[in-house]
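> Residue numbers (our numbering): 107 to 213.
Be careful, since some hints might not be right.
Computed beta-carbon distance windows for the label pairs [stated by the list, open to error]: (1) Glu193 / Arg142: 24 to 30 Å; (2) Leu164 / Pro131: 18 to 24 Å; (3) Val197 / Leu137: 18 to 24 Å; (4) Glu202 / Ala127: 16 to 22 Å; (5) Glu159 / Arg195: 31 to 37 Å.
For the record, the hints were derived by calculation from the structure and aren't laboratory data.
All residues carry an ideal CB built from backbone N, CA and C; glycine is no exception.
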Amino acid sequence: TERCIVIGLPMANGLSPLDTAHQGPIHAAELDHFGRRLATASADNTVRVWDLETRCPLADLQGHKGSVWAVAWAHPSFGPLLASAGEDRCVIIWREAEGEWCQVVRS
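Using the sequences and the hints given, assemble the complete structure.
Given below as structure tokens:
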């Protein structure tokens with residue numbers, strides 16, 4: 107379905123589907139710098155972050171008032187930062203600290 111994403115990882119021996127559990131289509135997906143985490147942006151107004159080794163969700167980020175169209179990870183030298191942009195014309199910068207995600211900038 108359109109809420110699944112197919113990823114190819116060396117440890118998966120080929121392609122492997124990941125059900126993102128989004129309630130709408132996925133508009134964007136991006137791996138972090140190390141290829142360990144995946145962020146997905148969806149029409150359900152959320153961003154989800156996944157641990158690809160365990161295939162478990164790490165976060166369900168809610169803050170947009172419309173579809174989320176893009177996600178981008180910062181270089182690791184800036185820390186665990188993720189940006190999202192949406193139909194609501196907002197960009198949100200999210201920071202992870204001790205397993206918890208919070209908005210640090212909204213514009």
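> Against each hint, give a clear statement of whether it holds in the structure.
Outcome of the hint check:
1. At roughly 29 Å, the beta carbons of glutamate 193 and arginine 142 sit within the given window of 24 to 30 Å.
2. Here the CB-CB span from leucine 164 to proline 131 is close to 21 Å, well matched to the stated 18 to 24 Å.
3. The hint said 18 to 24 Å for the Cβ distance between valine 197 and leucine 137, and at roughly 20 Å that hint holds.
4. One distance hint, 16 to 22 Å for the beta-carbon pair glutamate 202 and alanine 127, holds here, with the actual separation near 19 Å.
5. At about 35 Å, the beta-carbon gap between glutamate 159 and arginine 195 stays in the expected band of 31 to 37 Å.
This entry satisfies every hint, going by the numbered hints stated previously.
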